[in-house]
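**Q** With the sequences and hints as input, model every part of the structure.
Chains as they are written, first to last, in the numbering used here: chain A, 0 to 216; chain B, 0 to 216; chain C, 2 to 219; chain D, 2 to 219.
No false leads were slipped in.
Capping the alpha-carbon separation at 20 Å, the derived lysine to aspartate or glutamate pairs in EDC-like fashion look like this:
#, chain 1, residue 1, chain 2, residue 2
1, A, LYS119, D, GLU96
2, A, LYS119, D, GLU92
3, B, LYS136, B, ASP166
4, C, LYS3, A, ASP36
5, D, LYS3, D, GLU215
6, C, LYS3, A, ASP96
7, A, LYS136, C, ASP183
8, C, LYS3, A, ASP17
9, A, LYS119, D, GLU83
10, D, LYS3, B, ASP37
11, A, LYS119, D, GLU94
12, A, LYS3, A, ASP195
13, C, LYS131, D, GLU135
14, C, LYS131, D, ASP137
15, D, LYS3, B, GLU15
16, D, LYS3, B, ASP17
Distance ranges between label pairs, derived from CB positions:
#, chain 1, residue 1, chain 2, residue 2, range
17, C, GLU96, B, PRO62, 25 to 35 Å
18, C, ASP137, D, GLU94, 14 to 24 Å
19, C, ALA5, B, GLY58, 27 to 37 Å
20, B, GLY25, C, ASP183, 31 to 41 Å
Bear in mind the hints are in silico, worked out from the structure with no lab data behind them.
Glycine residues also receive a C-beta, built at the ideal position from the N, C-alpha and C atoms.
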Amino acid sequence: MNDKERIARRVALEVERDTLVNLGIGLPSLVANYLPDDVHVFFQAENGVIGLGARPPEGMEDPDLTDAGGGFVTAVPGAASIDSAMSFGLIRGGHLDMTVLGGLQVDSHGHLANWMVPGKMVPGMGGAMDLVAGARKVVVAMVHTAKGAPKIVPDCTLPLTALRRVDLIVTEMAVIEPTEDGLVLREVAEGLSVDDVRAATGAELLVPVAPGQMRLA
Amino acid sequence: MNDKERIARRVALEVERDTLVNLGIGLPSLVANYLPDDVHVFFQAENGVIGLGARPPEGMEDPDLTDAGGGFVTAVPGAASIDSAMSFGLIRGGHLDMTVLGGLQVDSHGHLANWMVPGKMVPGMGGAMDLVAGARKVVVAMVHTAKGAPKIVPDCTLPLTALRRVDLIVTEMAVIEPTEDGLVLREVAEGLSVDDVRAATGAELLVPVAPGQMRLA
Amino acid sequence: MKVAISPAEAAALIPDGATLLIGGFMAVGSPHRLIDALVAAERKDLTIIANDTAMPGRGIGKLITARAVRRVVASHIGLNPETQAQMIAGELEVELVPQGTLIERIRAGGVGLGGVLTATGLGTPVADGKRQIEVDGKTYLLETPLRGDFALVGCHQADYVGNLEYSLTAHNFNPIIALAADVVIAEPRSIVPVGVIPPDAVKTPGILVDHLLERAPS
Amino acid sequence: MKVAISPAEAAALIPDGATLLIGGFMAVGSPHRLIDALVAAERKDLTIIANDTAMPGRGIGKLITARAVRRVVASHIGLNPETQAQMIAGELEVELVPQGTLIERIRAGGVGLGGVLTATGLGTPVADGKRQIEVDGKTYLLETPLRGDFALVGCHQADYVGNLEYSLTAHNFNPIIALAADVVIAEPRSIVPVGVIPPDAVKTPGILVDHLLERAPS
Numbered sequence: 000m001n002d003k004e005r006i007a008r009r010v011a012l013e014v015e016r017d018t019l020v021n022l023g024i025g026l027p028s029l030v031a032n033y034l035p036d037d038v039h040v041f042f043q044a045e046n047g048v049i050g051l052g053a054r055p056p057e058g059m060e061d062p063d064l065t066d067a068g069g070g071f072v073t074a075v076p077g078a079a080s081i082d083s084a085m086s087f088g089l090i091r092g093g094h095l096d097m098t099v100l101g102g103l104q105v106d107s108h109g110h111l112a113n114w115m116v117p118g119k120m121v122p123g124m125g126g127a128m129d130l131v132a133g134a135r136k137v138v139v140a141m142v143h144t145a146k147g148a149p150k151i152v153p154d155c156t157l158p159l160t161a162l163r164r165v166d167l168i169v170t171e172m173a174v175i176e177p178t179e180d181g182l183v184l185r186e187v188a189e190g191l192s193v194d195d196v197r198a199a200t201g202a203e204l205l206v207p208v209a210p211g212q213m214r215l216a
Numbered sequence: 000m001n002d003k004e005r006i007a008r009r010v011a012l013e014v015e016r017d018t019l020v021n022l023g024i025g026l027p028s029l030v031a032n033y034l035p036d037d038v039h040v041f042f043q044a045e046n047g048v049i050g051l052g053a054r055p056p057e058g059m060e061d062p063d064l065t066d067a068g069g070g071f072v073t074a075v076p077g078a079a080s081i082d083s084a085m086s087f088g089l090i091r092g093g094h095l096d097m098t099v100l101g102g103l104q105v106d107s108h109g110h111l112a113n114w115m116v117p118g119k120m121v122p123g124m125g126g127a128m129d130l131v132a133g134a135r136k137v138v139v140a141m142v143h144t145a146k147g148a149p150k151i152v153p154d155c156t157l158p159l160t161a162l163r164r165v166d167l168i169v170t171e172m173a174v175i176e177p178t179e180d181g182l183v184l185r186e187v188a189e190g191l192s193v194d195d196v197r198a199a200t201g202a203e204l205l206v207p208v209a210p211g212q213m214r215l216a
Numbered sequence: 002m003k004v005a006i007s008p009a010e011a012a013a014l015i016p017d018g019a020t021l022l023i024g025g026f027m028a029v030g031s032p033h034r035l036i037d038a039l040v041a042a043e044r045k046d047l048t049i050i051a052n053d054t055a056m057p058g059r060g061i062g063k064l065i066t067a068r069a070v071r072r073v074v075a076s077h078i079g080l081n082p083e084t085q086a087q088m089i090a091g092e093l094e095v096e097l098v099p100q101g102t103l104i105e106r107i108r109a110g111g112v113g114l115g116g117v118l119t120a121t122g123l124g125t126p127v128a129d130g131k132r133q134i135e136v137d138g139k140t141y142l143l144e145t146p147l148r149g150d151f152a153l154v155g156c157h158q159a160d161y162v163g164n165l166e167y168s169l170t171a172h173n174f175n176p177i178i179a180l181a182a183d184v185v186i187a188e189p190r191s192i193v194p195v196g197v198i199p200p201d202a203v204k205t206p207g208i209l210v211d212h213l214l215e216r217a218p219s
Numbered sequence: 002m003k004v005a006i007s008p009a010e011a012a013a014l015i016p017d018g019a020t021l022l023i024g025g026f027m028a029v030g031s032p033h034r035l036i037d038a039l040v041a042a043e044r045k046d047l048t049i050i051a052n053d054t055a056m057p058g059r060g061i062g063k064l065i066t067a068r069a070v071r072r073v074v075a076s077h078i079g080l081n082p083e084t085q086a087q088m089i090a091g092e093l094e095v096e097l098v099p100q101g102t103l104i105e106r107i108r109a110g111g112v113g114l115g116g117v118l119t120a121t122g123l124g125t126p127v128a129d130g131k132r133q134i135e136v137d138g139k140t141y142l143l144e145t146p147l148r149g150d151f152a153l154v155g156c157h158q159a160d161y162v163g164n165l166e167y168s169l170t171a172h173n174f175n176p177i178i179a180l181a182a183d184v185v186i187a188e189p190r191s192i193v194p195v196g197v198i199p200p201d202a203v204k205t206p207g208i209l210v211d212h213l214l215e216r217a218p219s
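**A** Quick look at the structure:
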């Protein structure tokens with residue numbers, strides 16, 4: 000199991016049945032592959048469909064039906080088409096139960112930075128700021144370090160995505176919950192120690208009770 | 000021809016082809032009866048249809064298709080159903096070409112009061128404030144006096160509907176255009192003199208050029 | 002998949018004193034069976050946010066006649082003399098809001114806006130006590146969001162996951178109030194299998210709807 | 002009844018320097034023939050308000066490649082390296098706006114609001130230079146309306162009076178931009194007689210549409 004699969008499997012456990020879930024492009028989109036069969040959710044793509052489905056059969060792609068990255072998708076039974084005002088009305092109005100987003104940095108306040116690296120990468124925030132400000136639950140799914148450097152830091156040095164404290168950070172090494180008191184280490188991946196996670200983390204980690212082993216199913 | 004028919008016929012001449020027009024309940028609604036055959040317009044009812052049509056055949060009424068007063072109507076070919084946010088989005092966003100409203104008072108500034116008489120009649124403003132604030136052209140259709148008292152006054156004593164200067168006042172006696180300089184008498188009904196109109200009007204009337212006879216077709 | 006509930010079960014969810022957003026325009030498009038159930042359950046002290054109070058014996062008018070309502074936020078009460086009489090007698094509090102402002106305030110509550118700026122109401126009693134904000138040299142009123150504990154939505158048709166369709170002038174406030182309440186109860190005329198309402202025809206996505214009223218006895 | 006115009010005629014209506022609202026999300030639902038006509042007409046100095054600039058060779062990306070654009074207001078430009086290159090070279094001005102804020106600003110421009118209050122962007126560079134307004138103890142950014150000289154709307158189907166239908170994820174910005182421009186030009190895939198699109202299926206009423214693009218040669 001590679002790191003990305005490990006992260007996606009763990010995040011999938013956070014998804015509750017009969018909810019509306021938005022998955023970011025890239026790693027977060029893998030989460031859909033690991034949902035238990037009995038957990039029915041509607042996936043929302045911010046470009047405008049509730050009930051996003053898997054890739055369509057070869058030759059049956061519809062140019063009017065894509066995910067937020069422009070890739071062909073299907074719509075599940077019971078899907079609804081929505082325009083961008085409705086799509087972000089749902090996101091900002093508290094109707095989106097959960098969003099899973101990638102991260103460049105998360106800090107000890109639970110603040111996420113995931114949309115730009117000044118002078119290097121200025122893709123635009125797309126829907127990220129709305130998602131973090133508005134979703135009921137925000138899960139950051141990311142690898143623990145970038146080229147060996149911690150992505151979990153005392154204070155974000157990159158521009159923030161929102162002032163809202165995210166609800167959970169899932170990496171290949173650990174599950175960390177940002178709280179009012181700081182970052183709480185909840186689970187540690189099999190074969191790793193608390194000290195291993197601390198060594199790869201730039202911010203202080205609180206360990207109020209012995210963290211469990213990171214669940215994957 | 001009674002007073003109301005005279006007013007409705009004159010207002011009908013203000014309606015331009017291929018426009019979106021909102022007619023208030025009561026006297027203004029009569030305007031639809033006097034449009035020339037070659038002037039196609041879409042009537043909007045603020046409760047939510049573009050392309051309001053006449054009363055349906057007996058026995059074919061649809062409880063889901065009424066005018067703003069709750070009366071059964073039809074929808075013309077090319078009609079569109081809209082919700083209240085779209086309906087008032089059109090009204091307030093400048094997409095409504097013309098509205099015809101009744102009036103309790105209009106004053107020398109062109110301000111309209113048409114929604115309440117303190118202590119007596121408090122029906123609520125409904126869509127009137129939005130219509131006067133937002134429509135491209137506001138025509139007030141009303142009888143010239145109420146129980147002998149002028150309804151066109153120096154300053155409204157009743158609560159205003161909006162700060163916007165209405166574009167035209169049509170009564171059974173005259174057609175009057177509110178301008179920056181004041182109320183300009185444009186047309187006088189057949190058989191009446193300028194002095195007759197002045198005697199029934201509480202505000203000063205400007206008569207820069209000899210007013211024409213009030214047109215009815 | 003939703004579970005359909007009876008009108009009485011729906012009314013039992015709604016306590017005395019609750020704030021209800023109710024769809025309909027002069028009773029057209031209102032959730033009539035829900036209203037009847039609230040009257041039958043003898044609810045009291047409700048706050049009703051709706052376009053109007055209809056007329057006696059119809060739609061929201063029935064709640065007024067039943068004295069179930071303590072406060073009304075509406076754009077028009079002129080066709081219901083009972084609303085006016087209770088207001089004048091001091092038994093019913095009425096806040097009158099321009100119709101376009103009312104629907105935008107509800108939408109703001111539903112889509113997470115902190116408020117909207119509008120020119121409607123400037124220079125009128127509607128402006129009393131409200132903040133005025135200037136943008137690009139123009140003055141606007143700041144109008145704040147409205148939300149309800151419950152939204153009671155009348156609609157033409159629903160499917161099993163709660164996707165809703167509306168018909169003609171019965172749309173009115175219904176699709177907007179479905180965004181702006183903690184609990185949304187929809188009263189469809191008919192309930193059809195998933196797939197009968199195509200995605201492009203859905204006006205209210207089922208994820209907004211908490212409960213569907215069971216079909217009316219035929 | 003509308004008169005259908007050719008893409009070249011449509012492009013001729015649009016002068017250099019115009020502000021265009023263009024529908025589409027990563028080129029899905031964009032008015033492709035209108036964009037091609039603008040490129041063919043060698044328009045310059047356009048301001049484009051849109052969700053994104055797509056990718057080189059697709060949708061709005063073609064206008065970027067053709068150097069027809071002086072200024073972009075968008076939520077995302079990350080998949081078009083040419084937009085980024087022109088921006089870094091100082092040839093193209095880019096204003097990045099959160100997607101939800103962008104669509105609400107356009108809607109505000111379309112429905113006559115003076116602005117909206119949103120929490121999105123607080124504590125980020127988006128808040129720089131913007132007024133913050135407190136409502137009920139919460140802080141919001143005041144976001145102001147956006148409008149265009151022209152809206153270029155891609156859609157699935159139109160009827161002869163200009164009523165528009167959209168399909169699946171090709172709705173996106175299209176129904177909203179149709180509210181917010183002085184001149185609205187719609188590019189439907191097919192044009193059908195009045196009555197083929199039932200009133201409840203209309204997403205953009207024809208009274209908002211000024212011109213329909215004639216059907217594509219088959």
